[in-house]
Amino acid sequence: MLDVLTIPFMQNAIIGGILLAVLLSVLSIFINIKNWSFINVGISHATFGGLALGVYLGVSPISLGLAFAITTGFFIGYISKKGNIHEDISIGILFSISMALGVIFLTLTPNYTSDLFTFLFGNILTITKQDIYLLVIFSIFTFGYLYFFFQKILFCCYNEEVAYTSGINTNFYYYSLITIIAVATVLAVKLVGVILASAMIILPAATTSQMFWHYKKIIITAVLLSIIIVFAGIFVSYQYNLPSGATIVFIYGIVFFITIFVKNIIQVIQHGSS
Amino acid sequence: MKILEVKDLTVKLDNKTILENINFEVKKGEILAIVGPNGGGKTTLLKTILGFIKPYRGKVEILGLPPKKAVKTGKIGYLPQKNNTPKKFPVSVLDVVMFGLVNSKLSKNEKLQKALEYLDYVGMKDFKDRPFSDLSGGQQQRVSIARVLVAEPEIIFLDEPSTGIDVVAQESFYEFLKKLRDQKNITVVMVTHDVGAVAKYVDKVAGLNRYLHFYGSPKDFFKKDILSKLYGADIELIVHSEECVTCEHFRFKTEDKTC
Ligand SMILES: Nc1ncnc2c1ncn2[C@@H]1O[C@H](COP(=O)(O)OP(=O)(O)O)[C@@H](O)[C@H]1O
Ligand SMILES: [Mg+2]
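If you read the sequences in order, they're chains A and B.
For what it's worth, the working numbering labels the leading residue of the first sequence as 32, then goes sequentially.
For what it's worth, the working numbering labels the leading residue of the second sequence as 34, then goes sequentially.
Only chain B is shown next, with the shape it has when bound in the complex (with noise of 0.2 Å):
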């Protein structure tokens, strides 16, 4: 079945063509890993699937819906690249994931059980009664991934979630994302630089620059045509050997000469 469809979608900003052509399709309980260079229009893309960009032409199904209603049925589940939170907003981490549950018909009790019970599951439950300004960006980060999941939506949409959790915990936070597939049958879209992790845990890649370069599984994915087109002609492989591809060591030479 699926969930979120986007037809002949072309966007553009300031008169600039940020997405040209996007065609593709995710299915229910599917996990889809948008990567490409900076500036590939990976945020362009969520925001236009969000409704809070208008596309130029084409268009974007979520739950079946238009965005605009999609978003209204508390469904959707939204982590920013950037929390614009003003700083020094005067509210507890708690009330924080609280606010993933404003349209909850729950009971305040039960509101604040399924709260920590979340802050537990990203490992913040220590952290309830501090501020949230005051944390960490990886911690702000945990915390907001708690406010996004205690709503049980059916599809998330993650821009760069793992920025500011270190590299253990990014393996640990993917294996999350997959086991709360597996148990709850949620939809992830997420952005991500950690292509290493696209390999073990998603099902679909959407490689994004301008154009939609690649859509499919994961193992298509890491061909060097693909990748060149995507990144550019210059771009050199450090695949030390076939199972390289598939482990989380996974890197490209310009970010990271370790691999």
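Pulled out of the complex, with its shape left as it was, chain A reads as follows (with noise of 0.2 Å):
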């Protein structure tokens, strides 16, 4: 049975899952906090315009992603500071149109049609050992950011004008976390595609925030909530062959589902005995 772990692509695959799952696990407390679902969805969708672009005129899919990404997510930062993010109709025909030029970038370029399914769904057994170096490193980048900064970044959540006067650069923080956010957003797209790769950041934390109310047992239940699914859904897929990233978020999903319901159940049986 764990005769999958031997075989090369497949390890690739767990190990970069897994690295995935811990770095959007974390950052999913963010998402979750700030309702920032949209901001993801907006960023990851915007992204397929980018890799569509880049496998069209030859040049690295990942570097244009990146910036179709980031440009998106400061736009979408920009937006959301001014108002209310959710009456703006322009986030949403802006990554609207970025997917539609990915889709004729992609049909216009002969011997590409089969990347189109792979960047809309995934394929984590795509994953290559570069795949993984980059993870490594923008990980390791990620954690000694929020290492330093967590507090502050919390605090500019918990409210930006206290945490402004009290001489924090509320700007920095804001932005540089959805730079960070937009870059983690590609990287998932190689495991789980453009179209669930929001999914992948913010299930996690809506999960387990349904169990604890504190944030350090919200992310770390988050992350091992992550890496059992991540594995499982990795083990699901190769046994039965179905989609990697398909598999995923639908337990993903199913988890979400579950804790809910024994959430509820819980309380109507607390309330009933009181």
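Hints were generated in silico from the structure; no laboratory data involved.
Keep in mind it's a predicted model, so treat the numbers as computed, not measured.
No incorrect hints appear here.
Straight-line distance between alpha carbons at most 27 Å, and here's what the computed BS3-like set of lysine-lysine pairs gives: (1) LYS112/A with LYS115/B; (2) LYS183/A with LYS121/B; (3) LYS120/B with LYS248/A; (4) LYS112/A with LYS120/B.
Both chains come to you apart, so use the hints to assemble them.
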């Protein structure tokens, strides 16, 4: 059963998947407390345009994907700072255009139609050694950043005006956090594709914040849960020949709903007996 | 020594003039109360002083610096009127007070001691490990005040700090502010509706309703022409006796008929 661990591309998939699980589940606390799922959906969809343009032009898709992701992240971040993000149609239009362009670029590129599916839904088996190095370097950078600045970032999330008057450079933390989330999202695209990348960064803390109220416990359980789910997802998808990204996100979704269900049952029991 | 200066300040929001030609100065160690009707521009004034809103005309200096530079010194404390912290924010009461020390150079243990000391100060020490979001509005307000004070700022701006604190606690809250000023020479600028407290605890009153109708000591503030100019001509004052002017039961009829 565990013979999958000895296949080289499966090793890459598992190492890459687990690194991503840790990275994205830690970042997911911010997406959840700031209600940033919309930013993340926007970023991941816009990424597609960049990746496709890269393929079309024959330059590195990942660099153009990054450029698109960060630009979109800054734009949405700026808009959401100005007013109510959910009322802003320009964001929805912007990332729709980016996706539409992505489809056009890819269909204009001869022999590249197979990439469409990979970009949209990901293929964990295409994770290379190079992707893993990139992930390791970026994870080290991100965890270093969070190690030094976590309290300040949390303070900004708590109340930006108050943090600003306490002498914190709130704009720096705001945009640097969005940039990190944008890069992490692009890295996740390889694993689960643009459509499901946001799920990987929304669901972990969304699930564990149903279980615990304190951020430390939310983060730790989100990390553990994500590692288990990604591992299970890779294994199940290999065993039954299913798409890996969809399998992983499906398991995340199931766990999320089971958590909500169990939580409600517990609440009903507690209220019933008191 | 002046710690805050507001000069020829005019503020427009959406092309509407909210504040017009405001001038005043606050000296170190003074307690200033900003009073006036709802929508009179009190919050806008604080936000302009702190640099969130750009003046249309005029200037502000805190600690001798323009607002955006002054906040970087970490010597300013701010308690906003609305705490727009996201619901279910995943921190404990103690975490919130510790936010006040993010820029501090103290060791972790010293920070903890200090945070607990200030939580005790506001009577919330027993709640230290509780979720902040589970507290009542008044309790959150107290914790926020501990968060402001723990940083030991030189000047603090409080926007309706007594909201959600009951009347008895309000009295001791103003007492507490006064003690703080006496002990640590903190300058306090607060917005309040509690005109009664003004007479008893503050050094200066600013009566604000688009214009600064009054700026001076509280004993000069309680004059009918000033109050009617500030709150509108039809306001009817209930002043039982001379003493009542300085007693905490002083109220406007529109708010409270029990005086
Ligand atoms: N962002 C804004 N844009 C336009 N008008 C505003 C804005 N914020 C406040 N106002 C207006 O400015 C006036 C003063 O508001 P505010 O400073 O909150 O008064 P107060 O704190 O004294 O109750 C009100 O008429 C309010 O409608
Ligand atoms: Mg106000």
